[in-house]
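Protein chains in written order, with the numbering used here: chain A, 1 to 169; chain B, 1 to 365; chain C, 1 to 109.
Warning: the hint list may mix true and false statements.
Covered by chain A, per the in silico footprint, the following chain B stretches (three or more residues, Cβ under 8 Å) [claimed, not checked]:
| id | stretch |
| --- | --- |
| 1 | 29-42 |
| 2 | 210-222 |
| 3 | 326-333 |
The list that follows gives simulated cross-link-like pairs (lysine to aspartate or glutamate, DMTMM-like), each with its CA atoms no further than 25 Å apart [stated by the list, open to error]:
| id | chain 1 | residue 1 | chain 2 | residue 2 |
| --- | --- | --- | --- | --- |
| 4 | B | Lys54 | A | Asp59 |
| 5 | B | Lys239 | B | Asp92 |
| 6 | B | Lys105 | B | Asp63 |
| 7 | B | Lys101 | C | Glu35 |
| 8 | B | Lys348 | A | Glu112 |
| 9 | C | Lys15 | B | Asp63 |
| 10 | B | Lys93 | B | Glu228 |
| 11 | A | Lys3 | B | Asp92 |
| 12 | B | Lys54 | B | Asp36 |
| 13 | B | Lys101 | C | Glu10 |
| 14 | A | Lys3 | B | Asp347 |
| 15 | A | Lys127 | C | Glu10 |
| 16 | A | Lys4 | B | Asp63 |
| 17 | B | Lys54 | A | Asp55 |
| 18 | C | Lys15 | B | Asp227 |
| 19 | C | Lys9 | A | Asp59 |
Just the calculated beta-carbon pair ranges, DEER-fashion [unchecked claim]:
| id | chain 1 | residue 1 | chain 2 | residue 2 | range |
| --- | --- | --- | --- | --- | --- |
| 20 | A | Glu11 | B | Trp259 | 30 to 36 Å |
| 21 | B | Glu332 | C | Arg102 | 48 to 54 Å |
| 22 | B | Tyr103 | C | Gly47 | 35 to 41 Å |
| 23 | B | Gln67 | A | Ala53 | 45 to 51 Å |
| 24 | A | Glu122 | C | Arg18 | 19 to 25 Å |
| 25 | A | Met1 | B | Leu98 | 49 to 55 Å |
| 26 | B | Gly26 | A | Ala53 | 22 to 28 Å |
| 27 | A | Gly110 | B | Gln357 | 29 to 35 Å |
| 28 | A | Asp55 | C | Arg89 | 31 to 37 Å |
Simulated from the structure, these hints should not be mistaken for laboratory data.
Being a predicted model, the structure only gives us computed values, none of them experimental.
Beta carbons are placed, not taken as given, at the ideal position from N, Cα and C, and that holds for glycine.
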Amino acid sequence: MLKKTGVPSSEELAPAYPPEERMKQGAVAIIECFQNIPCNPCATSCPRGAIQAFDDINDLPKFDPALCNGCAICVANCPGLAIFVVDEAYSEAESLVKLPHEFVPLPKAGDEVVVYNRAGEEIGQGKVLRVQNPASFDRTAVVHLVVPRAYARDVRFLSVGVGARDENH
Amino acid sequence: MHRYDICVIGGGPAGLSAAKAAGNAGAKVLLIDENDRLGGQLIKQTHMFFGSEKQQAGTRGIDISSQLVDAIGRMPNVEVYLECAALGLYDDKVLTMLHKKRYEKIVATKFIVATGASERMLAFVGNDLPGVYGAGAVQTLMNVYGVSPGARVLMIGAGNIGLIVSYQLLQAGVNVVAILEASPHIGGYLVHAAKVRRAGVPILTSHTIKEAYGARAVEGATICELDEKWQVRPGSERKIAVDVVCLAVGLSPLTDLLWQADCRMIHVTELGGHVAWRDANLCTSQGHIYIAGDVAGVEEASSAMVEGELAGLAAAKELGLATPALELGLSEAREQLRALRSGPVGDKIRTGLALAQSGEVFGIA
Amino acid sequence: MGGKVVRIKEHPILKFDRGKELAFFFDGRELLGHEGETIAAALHAAGVRELSTSAVLHRPRGFFCAIGTCSSCLMVVNGVPNVRVCVERLAAGMIVETQQGRGDLGASV
Numbered sequence: 001m002l003k004k005t006g007v008p009s010s011e012e013l014a015p016a017y018p019p020e021e022r023m024k025q026g027a028v029a030i031i032e033c034f035q036n037i038p039c040n041p042c043a044t045s046c047p048r049g050a051i052q053a054f055d056d057i058n059d060l061p062k063f064d065p066a067l068c069n070g071c072a073i074c075v076a077n078c079p080g081l082a083i084f085v086v087d088e089a090y091s092e093a094e095s096l097v098k099l100p101h102e103f104v105p106l107p108k109a110g111d112e113v114v115v116y117n118r119a120g121e122e123i124g125q126g127k128v129l130r131v132q133n134p135a136s137f138d139r140t141a142v143v144h145l146v147v148p149r150a151y152a153r154d155v156r157f158l159s160v161g162v163g164a165r166d167e168n169h
Numbered sequence: 001m002h003r004y005d006i007c008v009i010g011g012g013p014a015g016l017s018a019a020k021a022a023g024n025a026g027a028k029v030l031l032i033d034e035n036d037r038l039g040g041q042l043i044k045q046t047h048m049f050f051g052s053e054k055q056q057a058g059t060r061g062i063d064i065s066s067q068l069v070d071a072i073g074r075m076p077n078v079e080v081y082l083e084c085a086a087l088g089l090y091d092d093k094v095l096t097m098l099h100k101k102r103y104e105k106i107v108a109t110k111f112i113v114a115t116g117a118s119e120r121m122l123a124f125v126g127n128d129l130p131g132v133y134g135a136g137a138v139q140t141l142m143n144v145y146g147v148s149p150g151a152r153v154l155m156i157g158a159g160n161i162g163l164i165v166s167y168q169l170l171q172a173g174v175n176v177v178a179i180l181e182a183s184p185h186i187g188g189y190l191v192h193a194a195k196v197r198r199a200g201v202p203i204l205t206s207h208t209i210k211e212a213y214g215a216r217a218v219e220g221a222t223i224c225e226l227d228e229k230w231q232v233r234p235g236s237e238r239k240i241a242v243d244v245v246c247l248a249v250g251l252s253p254l255t256d257l258l259w260q261a262d263c264r265m266i267h268v269t270e271l272g273g274h275v276a277w278r279d280a281n282l283c284t285s286q287g288h289i290y291i292a293g294d295v296a297g298v299e300e301a302s303s304a305m306v307e308g309e310l311a312g313l314a315a316a317k318e319l320g321l322a323t324p325a326l327e328l329g330l331s332e333a334r335e336q337l338r339a340l341r342s343g344p345v346g347d348k349i350r351t352g353l354a355l356a357q358s359g360e361v362f363g364i365a
Numbered sequence: 001m002g003g004k005v006v007r008i009k010e011h012p013i014l015k016f017d018r019g020k021e022l023a024f025f026f027d028g029r030e031l032l033g034h035e036g037e038t039i040a041a042a043l044h045a046a047g048v049r050e051l052s053t054s055a056v057l058h059r060p061r062g063f064f065c066a067i068g069t070c071s072s073c074l075m076v077v078n079g080v081p082n083v084r085v086c087v088e089r090l091a092a093g094m095i096v097e098t099q100q101g102r103g104d105l106g107a108s109v
């Protein structure tokens with residue numbers, strides 16, 4: 001349960017997912033924002049108006065997936081790093097996931113990386129397709145990862161090589 | 001003795017915003033800070049700020065700091081004294097200070113005290129060992145001096161500071177072994193918690209530290225679980241190897257100057273301890289003294305900046321500098337504070353502020 | 001285990017503009033630090049975490065608040081005791097010594 005562990009349950013996550021028909025159409029933002037805190041950069045940064053301007057900045061984002069093309073500008077602008085893009089139309093066996101990443105070393109296109117779920121558990125590997133890191137993203141890079149289709153809704157973190165994580169707790 | 005319209009004491013987010021607002025209103029301002037650079041806690045905040053675009057949401061704290069400092073630097077009517085600690089504030093509006101190791105005095109018509117808050121300590125065996133650090137100290141080492149605080153950190157406290165500093169430790173390449181939170185729930189923003197959980201850092205609620213041990217510095221810690229009555233669950237103790245114990249267990253307003261200046265003080269738990277009574281313009285019971293930022297109530301940097309603006313404009317207005325633009329600025333600031341505090345995470349602050357502004361406690365109308 | 005305290009080389013958000021390197025002395029050893037940093041930061045980077053001992057029980061003490069308010073980091077610098085090394089800037093040739101208990105003010109006269 002989110003308030004106790006920092007990891008949302010599937011019930012808590014459900015509202016963040018657009019309907020299945022939209023998921024099949026391709027890249028779309030998944031906004032994992034479940035708490036009413038004063039914050040609105042997702043709406044002010046979206047160039048397509050897919051996230052409605054906030055009347056009250058404490059509201060949860062109001063998102064219209066029909067207007068979203070998965071550009072990931074919101075991914076880089078969310079101060080909570082709580083937005084991800086999932087493209088389940090990428091291929092038959094694989095999906096594309098776009099994750100915010102603020103660690104060094106940054107991966108490079110072509111790298112194989114280890115991927116983790118919301119609880120920090122290793123769930124497999126992914127391949128970096130591309131890293132978006134323009135100046136306008138102000139040091140929040142967005143990593144485009146190709147992962148097996150089954151992981152797309154769970155992959156939320158990646159690590160590059162040895163030493164990035166210490167498992168000896 | 002130099003004379004000023006407004007003297008702002010403390011150059012963090014609240015003080016910088018107050019000096020900028022008062023300066024823009026045309027006041028002759030002196031801003032003092034005991035450090036050798038301005039910015040207060042902002043200079044360590046590498047994360048993107050929340051709030052709205054009016055408080056520069058999405059901009060990193062360090063960059064907001066530079067923007068404010070640059071703005072002040074361009075104002076000829078705002079003077080800055082660095083390495084200047086306020087010593088005493090008197091009824092005749094004299095402020096005594098230690099400025100670059102010399103004793104000096106100034107006179108100002110209005111004062112804005114924006115001295116912030118300091119870290120709380122936690123009582124446990126071994127809490128004085130080298131390696132037990134406040135969260136702010138860890139941030140200073142990593143983010144200001146680029147020195148890693150250690151290799152394996154145990155973070156105590158899952159409020160915003162504990163969660164954010166844990167994330168910053170990961171960014172500095174340091175392993176955060178666990179975050180302990182004594183209460184049954186995570187106190188900070190859940191998005192901060194989610195960021196560290198997916199990076200592999202466990203958050204153990206209903207847990208606390210019993211002991212830090214080591215020969216000459218921290219080598220490990222004994223942690224334990226708490227039951228519903230906040231008592232240690234027998235047999236739940238276990239040891240973990242760490243070399244840093246980082247305390248993020250809350251802040252207390254730094255109100256010494258306000259006590260000394262004879263402001264009416266009131267204890268408000270929701271605001272972090274003793275704070276000065278204040279009116280809707282952030283003016284204390286001493287008409288020449290205003291407050292802004294964490295010293296007025298421990299909150300967030302975004303509200304500290306807006307409070308600074310409010311106090312700066314309110315003080316300037318009292319000096320006869322009111323213009324339509326100033327009045328607009330005042331109502332804008334009030335509206336921003338209302339918006340920042342209107343959600344569920346603002347419940348505690350609103351309760352606290354109601355007490356701190358209450359007329360009933362001292363029979364003030 | 002034991003902490004390996006290092007200078008951060010690469011950081012995802014920050015660029016560290018370290019001043020020029022300079023030499024100073026700690027308890028007779030020559031160490032290197034950078035202009036512009038505090039004595040405490042330079043010591044920490046060199047792996048020194050014990051800065052003083054407590055007055056009564058002689059317990060090891062180090063850094064705590066980093067803003068000059070807690071009195072945990074007091075050391076003798078160039079013969080002057082009770083220097084808050086967490087706010088005092090490093091200078092070339094400084095002689096820094098672990099302070100044992102209360103500072104001996106006689107030493108500075």
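So, going through the hints one by one against the coordinates:
1. With a threshold of 8 Å between beta carbons, the proposed coverage of the stretch 29-42 of chain B by chain A is violated, since 0 of its residues qualify and at least three are required.
2. Under a criterion of three residues with beta carbons nearer than 8 Å to beta carbons of chain A, the stated coverage of the stretch 210-222 of chain B fails, only 0 such residues being counted.
3. Coverage of the stretch 326-333 of chain B by chain A is violated in this model, with 0 residues showing a Cβ closer than 8 Å to a Cβ of that chain against a need of three.
4. Under the criterion of a C-alpha separation no larger than 25 Å, the hint pairing Lys54 of chain B with Asp59 of chain A is consistent with the structure, at around 17 Å.
5. Between the alpha carbons of Lys239 of chain B and Asp92 of chain B the distance comes to roughly 57 Å, so the proposed pair goes past 25 Å and is violated.
6. For the hint pairing Lys105 of chain B with Asp63 of chain B, the CA-to-CA distance comes to about 33 Å; that exceeds 25 Å, so the pair is violated.
7. Among the hinted pairs, Lys101 of chain B with Glu35 of chain C is consistent with the structure: their alpha-carbon atoms are about 21 Å apart, no more than 25 Å.
8. Distance restraint check for Lys348 of chain B and Glu112 of chain A: the Cα-Cα separation of roughly 46 Å exceeds the 25 Å cut-off, and the hinted pair is therefore not satisfied.
9. Note on Lys15 of chain C and Asp63 of chain B: the hinted pairing holds, with a Cα-Cα distance of about 13 Å set against a maximum of 25 Å.
10. Of the supplied pair hints, the one linking Lys93 of chain B and Glu228 of chain B is violated, its CA atoms being roughly 51 Å apart against a limit of 25 Å.
11. For the proposed pair Lys3 of chain A and Asp92 of chain B, the alpha carbon gap of about 51 Å is over 25 Å, so the pair is violated.
12. For the suggested pair Lys54 of chain B and Asp36 of chain B, the alpha carbons sit about 28 Å apart, so the restraint of at most 25 Å is broken.
13. As the CA atoms of Lys101 of chain B and Glu10 of chain C are separated by approximately 37 Å, the hinted pair breaks the 25 Å bound.
14. Under the criterion of a C-alpha separation no larger than 25 Å, the hint pairing Lys3 of chain A with Asp347 of chain B is consistent with the structure, at around 17 Å.
15. With a C-alpha separation of about 24 Å, the suggested pair Lys127 of chain A and Glu10 of chain C falls inside the 25 Å cut-off, and the hint holds.
16. Restraint check for Lys4 of chain A and Asp63 of chain B: the C-alpha separation of about 33 Å exceeds 25 Å, so the hint is violated.
17. Using a Cα cut-off of 25 Å, the hinted pair Lys54 of chain B and Asp55 of chain A holds, with the two alpha carbons roughly 14 Å apart.
18. Under the criterion of a C-alpha separation no larger than 25 Å, the hint pairing Lys15 of chain C with Asp227 of chain B is inconsistent with the structure, at around 45 Å.
19. In summary, the hint linking Lys9 of chain C to Asp59 of chain A is not supported, as the alpha carbons are separated by about 40 Å, beyond the 25 Å threshold.
20. For the hinted restraint 30 to 36 Å between Glu11 of chain A and Trp259 of chain B, the CB-CB distance of approximately 50 Å leaves it violated.
21. Our hint of 48 to 54 Å for Glu332 of chain B and Arg102 of chain C holds, since their Cβ atoms are close to 53 Å apart.
22. For Tyr103 of chain B and Gly47 of chain C, the hinted distance range of 35 to 41 Å is satisfied, since their beta carbons lie about 39 Å from each other.
23. A hinted range of 45 to 51 Å is violated for the C-beta pair Gln67 of chain B and Ala53 of chain A, which are about 24 Å apart.
24. Range check, Glu122 of chain A to Arg18 of chain C: Cβ separation about 36 Å, and the 19 to 25 Å hint is violated.
25. Range check, Met1 of chain A to Leu98 of chain B: Cβ separation about 52 Å, and the 49 to 55 Å hint holds.
26. Separation of Gly26 of chain B from Ala53 of chain A is about 34 Å and departs from the stated range, judged on CB atoms against 22 to 28 Å.
27. Take Gly110 of chain A and Gln357 of chain B: their Cβ atoms lie about 60 Å apart, and the range 29 to 35 Å is violated.
28. Checked against the given bound of 31 to 37 Å, the beta carbons of Asp55 of chain A and Arg89 of chain C, roughly 50 Å apart, lie outside it.
The structure shown violates the earlier hints numbered 1, 2, 3, 5, 6, 8, 10, 11, 12, 13, 16, 18, 19, 20, 23, 24, 26, 27 and 28.
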